[in-house]
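Line by line, the protein sequences give chains A and B. Mind the numbering: the first sequence is residues 1 to 390 in full-length UniProt numbering, read in order. Mind the numbering: the second sequence is residues 1 to 415 in full-length UniProt numbering, read in order.
Derived by calculation from the structure, the hints in this document are not laboratory data. Since the model is a prediction, treat every value here as computed from it, not as a measurement. Any given hint might turn out to be false.
As the list claims (entries may be wrong) - Between beta-carbon pairs, the in silico distance windows are:
{"#": "1", "chain 1": "A", "residue 1": "Asp-357", "chain 2": "B", "residue 2": "Glu-234", "range": "35 to 43 Å"}
{"#": "2", "chain 1": "A", "residue 1": "Arg-143", "chain 2": "B", "residue 2": "Leu-319", "range": "19 to 27 Å"}
{"#": "3", "chain 1": "A", "residue 1": "Thr-141", "chain 2": "B", "residue 2": "Leu-319", "range": "53 to 61 Å"}
{"#": "4", "chain 1": "A", "residue 1": "Gly-319", "chain 2": "B", "residue 2": "Lys-123", "range": "58 to 66 Å"}
{"#": "5", "chain 1": "B", "residue 1": "Leu-319", "chain 2": "A", "residue 2": "Leu-142", "range": "18 to 26 Å"}
{"#": "6", "chain 1": "B", "residue 1": "Lys-123", "chain 2": "A", "residue 2": "Asp-357", "range": "18 to 26 Å"}
{"#": "7", "chain 1": "B", "residue 1": "Arg-247", "chain 2": "A", "residue 2": "Asp-357", "range": "54 to 62 Å"}
{"#": "8", "chain 1": "A", "residue 1": "Gly-319", "chain 2": "B", "residue 2": "Ser-230", "range": "24 to 32 Å"}
{"#": "9", "chain 1": "B", "residue 1": "Thr-167", "chain 2": "A", "residue 2": "Ala-265", "range": "34 to 42 Å"}
{"#": "10", "chain 1": "A", "residue 1": "Leu-142", "chain 2": "B", "residue 2": "Lys-397", "range": "51 to 59 Å"}
{"#": "11", "chain 1": "B", "residue 1": "Thr-167", "chain 2": "A", "residue 2": "Glu-140", "range": "19 to 27 Å"}
{"#": "12", "chain 1": "B", "residue 1": "Asp-365", "chain 2": "A", "residue 2": "Gly-319", "range": "44 to 52 Å"}
{"#": "13", "chain 1": "B", "residue 1": "Thr-167", "chain 2": "A", "residue 2": "Gly-319", "range": "57 to 65 Å"}
{"#": "14", "chain 1": "B", "residue 1": "Ser-344", "chain 2": "A", "residue 2": "Gly-319", "range": "31 to 39 Å"}
Stated by the list, open to error - When the alpha-carbon atoms are kept at most 16 Å apart in a straight line, the in silico EDC-like pairs for lysine to aspartate or glutamate are as follows:
{"#": "15", "chain 1": "A", "residue 1": "Lys-181", "chain 2": "A", "residue 2": "Glu-138"}
{"#": "16", "chain 1": "B", "residue 1": "Lys-322", "chain 2": "A", "residue 2": "Glu-138"}
{"#": "17", "chain 1": "A", "residue 1": "Lys-256", "chain 2": "A", "residue 2": "Glu-213"}
{"#": "18", "chain 1": "A", "residue 1": "Lys-127", "chain 2": "A", "residue 2": "Asp-173"}
{"#": "19", "chain 1": "A", "residue 1": "Lys-360", "chain 2": "B", "residue 2": "Glu-113"}
{"#": "20", "chain 1": "B", "residue 1": "Lys-229", "chain 2": "B", "residue 2": "Asp-310"}
{"#": "21", "chain 1": "A", "residue 1": "Lys-257", "chain 2": "A", "residue 2": "Asp-297"}
{"#": "22", "chain 1": "B", "residue 1": "Lys-322", "chain 2": "A", "residue 2": "Asp-357"}
{"#": "23", "chain 1": "B", "residue 1": "Lys-345", "chain 2": "B", "residue 2": "Glu-68"}
Ideal placement from N, C-alpha and C gives every residue a C-beta, glycine not left out.
As a plain string of letters, each chain reads:
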Amino acid sequence: MSRASQLKTSPISKRDSRMGGGSTQDGELHKRLDRMAIGDANSITNLQRSEICPVCKSSRYLNSNLRFLVNPECYHKMCESCVDRIFSHGPARCPIPGCQKTLRKPRFREQTFEDIKVEREVDIRKKVAAVFNRREDEFETLRAYNDYLNDVEDITFNLINNIDLEETNKRFDAYQKAHEKEIIENAQRAQQETQSFAAMQKAERQLAKQRREAARREEEEEKREMEETRRDMLNRLASGQDADLVARQGQQVQLKKRMDRQAAAERQRQLQAASSGIMLIKGLKSKQKVEPEAPIDPFGGVTFGMQYFTLQDDYIWEGVQDPKTNVQFGAGGYNVNEFTTRALCDAFAGLGVFVDDHDKATEKAPQSAEVGGVKGPAVAASDVKMEDPL
Amino acid sequence: MVIIQRRVIIAEQLWWAVSPHITVPNAELYRVHRIFRRADNSAMTAPLSEDDIYRTSSQYRLWFFSPENLAAQRAKTRELAIERARHNATQSTAACEYLTAEEELRLVQRYCEQIRTTSDHFKWPITLKATAVQYLKRFYTSNSCITYPPKEIYKTVLFLACKAEGTHMTLSEYARRISTEKESILAPEYKVMQALRFTLEVKHAYRGLKGVLMELLNMAAGTNGEGYKSKMMELALPPKDNRTPWRSASSGSLDQQLLNDRIQAAYAAARTCLDAPALLTDVYFLYTPSQILFAALHVADEPLVAFYLDTKLPATSELRPKILSAIHACAAIMAAFSNGTVMSKDERALLEEKLELCRDSTTRDLVKKHANAKVGNVDDEEERAKRRKMEREKHMKEGDDLFGATLSSSNGLKG
């Protein structure tokens with residue numbers, strides 16, 4: 001709701017005002033130095049703070065096993081022993097002075113992020129995302145989806161920054177109540193998807209492993225065979241066989257090997273083909289099948305009703321017969337019907353068109369009255385300047 | 001603006017020319033559709049008939065005249081041209097005799113004939129020839145011989161038609177073969193395009209005639225209805241004054257072969273008629289190609305075409321008498337034409353001598369005019385040189401400064 005207004009009082013602007021007054025020329029450098037200084041100060045205080053329990057003041061220096069826990073109700077930090085001590089008998093007030101929240105022990109957990117603000121924001125975002133779990137494909141247009149995302153972000157922002165908390169919570173609850181069913185459905189869908197995605201990934205890994213193993217086996221086999229043939233040839237030569245014969249046999253062996261290799265490549269290809277069926281590409285949107293487009297009507301709905309002729313399938317005139325049977329014409333896509341239609345259309349186009357009707361029509365339409373030639377000679381008589389288009 | 005428009009229209013019209021082998025009827029219909037869309041932005045729901053398709057053509061919109069309108073148009077053109085010639089005339093040529101309207105018409109006709117013989121000499125297709133002739137005729141509806149003598153125009157027109165009809169011949173080849181300067185062919189080209197109002201498409205009757213031939217042959221073979229064949233067998237013989245060379249050998253019954261011969265003969269005669277008489281008279285302005293082709297058939301073989309039209313136009317049709325009278329009138333014009341009326345070479349020479357005296361002096365050197373217009377309409381060579389020098393100096397000045405010329409305000413500060 002008021003994200004924009006909040007931004008105005010953001011720390012950046014504060015920092016700017018603080019260091020304002022100096023020369024703005026090399027403000028970038030100053031800013032950087034400033035930031036470093038702040039970082040240092042924070043780290044010191046944070047270190048001190050993170051080492052000491054704010055409730056019992058015991059420090060990590062004395063107890064190296066000290067663990068700090070927070071409760072998402074108020075995010076106040078305290079050590080494990082304090083939590084045990086205060087909350088093991090049931091819900092109790094937060095021991096930090098000024099905090100009115102009632103806390104329960106089971107909800108205490110370890111802090112994930114160092115910055116407690118981030119911790120809180122992440123929690124809120126998780127909570128909101130669990131309720132507002134609509135998907136893009138549920139919206140008709142991208143615009144609608146973006147609007148929805150904007151609304152969700154507004155609510156999240158308000159919750160995080162405690163703006164209009166009451167009203168926002170009311171909106172949140174109302175939505176949750178109204179869309180209970182959809183929320184559950186979407187959650188289930190998301191779960192299924194992650195499961196199937198994991199399964200597919202697993203299958204893919206398995207296949208890749210199989211492929212690798214097969215390739216390695218083949219390679220080993222090949223190497224072994226090579227070695228074998230070589231040894232065999234040497235043996236034979238040693239035993240005094242004919243060198244030509246040995247060479248020929250060696251060739252045959254080579255041929256056989258080549259065939260083997262081809263077969264192996266084929267196997268490989270089959271394996272790949274099989275694996276490509278379940279190729280996994282992330283980030284793909286499942287699209288609905290698009291309806292095939294209707295053929296373009298170049299006349300935009302204008303129809304032609306020929307009143308003087310009906311086209312026949314065949315004309316015996318040799319002027320038509322020749323191109324019809326000649327491959328040279330047909331190969332280029334020429335259709336004799338194009339000619340016959342046009343010839344017959346030409347034969348009657350204007351048969352019932354007369355000059356007197358034409359003159360009447362031009363009288364009616366003044367813009368084309370010049371057709372009769374009133375303007376023509378005037379234009380011609382005064383030589384229009386010739387302009388060269390180049 | 002003119003140029004852009006020109007380009008668009010040329011592209012539109014040349015579509016036929018450049019893609020003769022692409023599915024041509026569809027291309028035509030597509031153009032038709034576009035024109036209709038332009039007219040009333042909404043798709044037409046009623047189916048378009050052949051006549052509607054013709055009504056979308058530029059030939060119908062711009063080049064369709066009644067005899068009176070055509071005569072009035074020519075008279076007006078002549079009047080304006082003479083007025084202009086008088087205005088431009090020097091004292092020595094002021095008192096001269098201008099060509100009469102009749103002489104002008106005959107001179108243009110003579111050059112139409114010239115185009116025909118040149119085109120035949122190059123063995124170009126008949127449609128190209130007819131297109132070129134129509135270009136010349138169209139040009140002289142809005143221009144007069146006094147302004148642009150046809151001797152200077154006809155070569156350009158033929159070259160333009162050659163391009164528009166997709167028959168390629170390079171300019172140098174063309175100029176060489178008709179032994180003319182290249183420049184004199186190109187010079188009036190834009191003027192011609194303007195006068196043609198950038199409509200390069202001319203619809204002819206030749207393809208339509210082939211369509212009729214196709215149908216007639218099928219009818220004679222009895223492939224579209226048995227009734228036609230027997231009727232055709234009983235048709236009266238063509239009268240003596242018909243142009244068809246076919247005459248029944250025996251006075252008895254016709255057989256299939258003879259009938260086919262008759263149709264082919266009628267086709268050949270009609271085609272001849274579509275060549276000279278149709279091109280050298282004004283029928284292209286007065287009638288549609290369809291009417292012209294039936295008129296040509298009428299001149300060739302009257303009973304045959306009467307029978308064919310009966311099958312197409314029912315007796316009850318409202319348009320029937322009108323169509324038939326148009327065809328008969330067109331046929332009368334074409335039948336009345338004889339090649340002897342075209343003026344002879346000597347007569348032409350005489351007429352051109354006369355024209356040389358009375359012609360408009362401003363359009364005397366088209367080549368120079370064209371060259372000037374191309375370079376930027378500056379006549380004076382000196383002025384052009386001056387302009388070039390100034391341009392160069394400006395460039396030098398700007399080149400001196402590393403970051404271009406200094407700004408005027410900073411100049412003021414420095415001063």
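A quick look at each hint next to the structure:
For A/Asp-357 and B/Glu-234, the Cβ-Cβ distance of about 36 Å falls inside the hinted range of 35 to 43 Å, so the restraint holds. Look at A/Arg-143 against B/Leu-319: about 58 Å separates their beta carbons, and that is not inside 19 to 27 Å. For A/Thr-141 and B/Leu-319, the Cβ-Cβ distance of about 56 Å falls inside the hinted range of 53 to 61 Å, so the restraint holds. Taken as a hint, the range 58 to 66 Å is violated for the pair A/Gly-319 and B/Lys-123, whose Cβ atoms sit roughly 19 Å apart.
At roughly 59 Å, the beta-carbon separation of B/Leu-319 and A/Leu-142 lies outside the given 18 to 26 Å, and the hint is violated. Between B/Lys-123 and A/Asp-357 the beta carbon distance is about 40 Å. The supplied range of 18 to 26 Å is therefore violated. Checked against the hint of 54 to 62 Å, the pair B/Arg-247 and A/Asp-357 fails, with Cβ atoms roughly 40 Å apart. The given range of 24 to 32 Å is respected by A/Gly-319 and B/Ser-230, whose C-beta atoms sit roughly 26 Å from each other.
In this structure the supplied range 34 to 42 Å is violated for B/Thr-167 paired with A/Ala-265, their Cβ-Cβ distance being about 59 Å. For the hinted restraint 51 to 59 Å between A/Leu-142 and B/Lys-397, the CB-CB distance of approximately 56 Å keeps it satisfied. Taken as a hint, the range 19 to 27 Å is violated for the pair B/Thr-167 and A/Glu-140, whose Cβ atoms sit roughly 57 Å apart. Remark: the range hint 44 to 52 Å for B/Asp-365 to A/Gly-319 is upheld by a beta-carbon distance near 49 Å.
Checking the proposed 57 to 65 Å range against B/Thr-167 and A/Gly-319 shows it is violated: the Cβ atoms sit about 20 Å from each other. Look at B/Ser-344 against A/Gly-319: about 38 Å separates their beta carbons, and that is inside 31 to 39 Å. In summary, the hint linking A/Lys-181 to A/Glu-138 is supported, as the alpha carbons are separated by about 15 Å, within the 16 Å threshold. A C-alpha spacing of about 68 Å is found between B/Lys-322 and A/Glu-138, which places the hinted pair above 16 Å, so the restraint is violated.
For the suggested pair A/Lys-256 and A/Glu-213, the alpha carbons sit about 23 Å apart, so the restraint of at most 16 Å is broken. Only pairs whose Cα atoms come within 16 Å are accepted, and A/Lys-127 paired with A/Asp-173 is accepted, the gap being roughly 12 Å. A distance of roughly 34 Å separates the Cα atoms of A/Lys-360 and B/Glu-113; the hinted pair therefore is violated under the 16 Å criterion. Of the pairs offered as hints, the one joining B/Lys-229 and B/Asp-310 holds, with about 14 Å between alpha carbons and a cut-off of 16 Å not exceeded.
Pair hint A/Lys-257 plus A/Asp-297 does not hold up; C-alpha atoms about 61 Å apart against a cutoff of 16 Å. Of the supplied pair hints, the one linking B/Lys-322 and A/Asp-357 holds, its CA atoms being roughly 12 Å apart against a limit of 16 Å. For the given pair, B/Lys-345 sits about 30 Å from B/Glu-68 by alpha-carbon distance, which is inconsistent with the 16 Å threshold.
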